[in-house]
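Residue numbers (my numbering), protein chains in the order written: chain D, 49 to 165; chain U, 115 to 228.
Quick caveat, the hints were computed from the structure, so don't treat them as lab data. Don't be surprised by glycine CBs; every beta carbon is placed ideally from N, CA and C. Do not rely on the hints blindly, as some may be mistaken.
Claimed, not checked - The calculated label-pair distances, taken between Cβ atoms and stated as ranges, are:
| id | chain 1 | residue 1 | chain 2 | residue 2 | range |
| --- | --- | --- | --- | --- | --- |
| 1 | D | S86 | U | N227 | 26 to 36 Å |
| 2 | D | R70 | U | E210 | 18 to 28 Å |
| 3 | D | I60 | U | E170 | 44 to 54 Å |
| 4 | D | H58 | U | I176 | 30 to 40 Å |
| 5 | D | G76 | U | N227 | 34 to 44 Å |
| 6 | D | H58 | U | R209 | 14 to 24 Å |
| 7 | U | E193 | D | E130 | 41 to 51 Å |
| 8 | U | G211 | D | P118 | 22 to 32 Å |
| 9 | D | L87 | U | S132 | 27 to 37 Å |
| 10 | D | G76 | U | I176 | 21 to 31 Å |
| 11 | D | L109 | U | L223 | 26 to 36 Å |
| 12 | U | L160 | D | H121 | 16 to 26 Å |
| 13 | D | I60 | U | S132 | 39 to 49 Å |
Stated by the list, open to error - Each computed DSSO-like pair below joins lysine-lysine, with the alpha-carbon atoms no more than 27 Å apart:
| id | chain 1 | residue 1 | chain 2 | residue 2 |
| --- | --- | --- | --- | --- |
| 14 | D | K105 | D | K57 |
| 15 | D | K57 | U | K220 |
| 16 | D | K105 | U | K220 |
| 17 | U | K156 | U | K136 |
| 18 | D | K105 | U | K185 |
| 19 | U | K172 | U | K220 |
| 20 | U | K185 | U | K136 |
| 21 | D | K57 | U | K185 |
| 22 | U | K156 | D | K105 |
In case you want the letters, here they are:
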Amino acid sequence: DSGVTQTPKHLITATGQRVTLRCSPRSGDLSVYWYQQSLDQGLQFLIQYYNGEERAKGNILERFSAQQFPDLHSELNLSSLELGDSALYFCASSVALGYRVSNQPQHFGDGTRLSIL
Amino acid sequence: GENVEQHPSTLSVQEGDSAVIKCTYSDSASNYFPWYKQELGKRPQLIIDIRSNVGEKKDQRIAVTLNKTAKHFSLHITETQPEDSAVYFCAARTREGSNYKLTFGKGTLLTVNP
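Isolated chain D, as found in the complex (with noise of 0.2 Å):
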């Protein structure tokens, strides 16, 4: 178990829809990191939060947006689904407070699944 929790575990929905995936960091982690998982293209990096502010963006389309509350939590929010969106989503954390950041590996979430029909 690695601390960080995703809900929901799978998604099920079809094309045009709106949906909210979510995830706890790691208890003490101030970071959460976004990743898109498709079986032809690894693990694409979408977006950082660091402490509620975004911090890096990676290849993440304007249908998607993120944000990280003030509890640390963190929720991807992807709109107008496509086909192609089909995908396993993971959350990351990293950055414990107290520690340098550099020093700081991240730690996946189980990913929630997300089917387009």
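Following the hints, put chain U in place on chain D, whose structure we already have.
Showing chain U alone in chain D's frame:
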């Protein structure tokens, strides 16, 4: 930005043999290199990492080597076992301002045949 190339994309070995996976990176400022193991349908799990001030690190049957000059690092698994079968991802962390970004390779599917 950082670019991480990983080879091979698939690797098949006999149980007991060694397996080597290689990665190259482009940004000389990258200073931290983790390796993750992902079993089918499960989350990536950190198995070993190395910092740029170290040339080699070992943990039982797993070792990682880093050549900063050539900008490449490798994962070595000795005495492979069927349970080592998984996809392995390398990554490189680069500092961008006050932030650190992790870039992953595309993964290597390792199959260990009994």
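Each hint, compared with the structure:
Distance hint check for S86 (chain D) and N227 (chain U): the Cβ-Cβ separation is about 27 Å, which falls inside the suggested range of 26 to 36 Å. For the pair R70 (chain D) and E210 (chain U), the supplied restraint of 18 to 28 Å holds, since their beta-carbon distance comes to about 27 Å. In this structure, I60 (chain D) and E170 (chain U) meet the distance hint of 44 to 54 Å, their C-beta atoms being roughly 46 Å apart. About 32 Å separates the C-beta atoms of H58 (chain D) and I176 (chain U), a value consistent with the hinted range of 30 to 40 Å.
Between G76 (chain D) and N227 (chain U) the beta carbon distance is about 42 Å. The supplied range of 34 to 44 Å therefore holds. At about 36 Å, the CB distance of H58 (chain D) to R209 (chain U) disagrees with the hint of 14 to 24 Å. Evaluation of the 41 to 51 Å hint for E193 (chain U) and E130 (chain D) yields a pass: the beta carbon distance comes to about 45 Å. In this structure the supplied range 22 to 32 Å holds for G211 (chain U) paired with P118 (chain D), their Cβ-Cβ distance being about 24 Å.
Checked against the hint of 27 to 37 Å, the C-beta distance between L87 (chain D) and S132 (chain U) comes to roughly 28 Å, which is consistent with it. Checked against the hint of 21 to 31 Å, the C-beta distance between G76 (chain D) and I176 (chain U) comes to roughly 27 Å, which is consistent with it. Remark: the range hint 26 to 36 Å for L109 (chain D) to L223 (chain U) is upheld by a beta-carbon distance near 27 Å. Between L160 (chain U) and H121 (chain D) the Cβ separation comes to about 22 Å, which falls inside the hinted range of 16 to 26 Å.
Look at I60 (chain D) against S132 (chain U): about 42 Å separates their beta carbons, and that is inside 39 to 49 Å. Proposed proximity of K105 (chain D) and K57 (chain D) is supported: the alpha carbons are some 24 Å apart, at most 27 Å. For the given pair, K57 (chain D) sits about 24 Å from K220 (chain U) by alpha-carbon distance, which is consistent with the 27 Å threshold. As the CA atoms of K105 (chain D) and K220 (chain U) are separated by approximately 19 Å, the hinted pair is consistent with the 27 Å bound.
A threshold of 27 Å between alpha carbons decides the hint, and for K156 (chain U) with K136 (chain U) the separation of about 23 Å falls inside it, so the pair holds. Only pairs whose Cα atoms come within 27 Å are accepted, and K105 (chain D) paired with K185 (chain U) is accepted, the gap being roughly 25 Å. Under the criterion of a C-alpha separation no larger than 27 Å, the hint pairing K172 (chain U) with K220 (chain U) is consistent with the structure, at around 23 Å. A distance of roughly 11 Å separates the Cα atoms of K185 (chain U) and K136 (chain U); the hinted pair therefore holds under the 27 Å criterion.
Annotation: proposed proximity of K57 (chain D) to K185 (chain U) is violated, straight-line Cα distance about 38 Å (limit 27 Å). Restraint check: the Cα-Cα separation between K156 (chain U) and K105 (chain D) comes to about 25 Å, which is no more than 27 Å; the hinted pair holds.
Hint violations for this structure: numbers 6, 21, all remaining hints satisfied.
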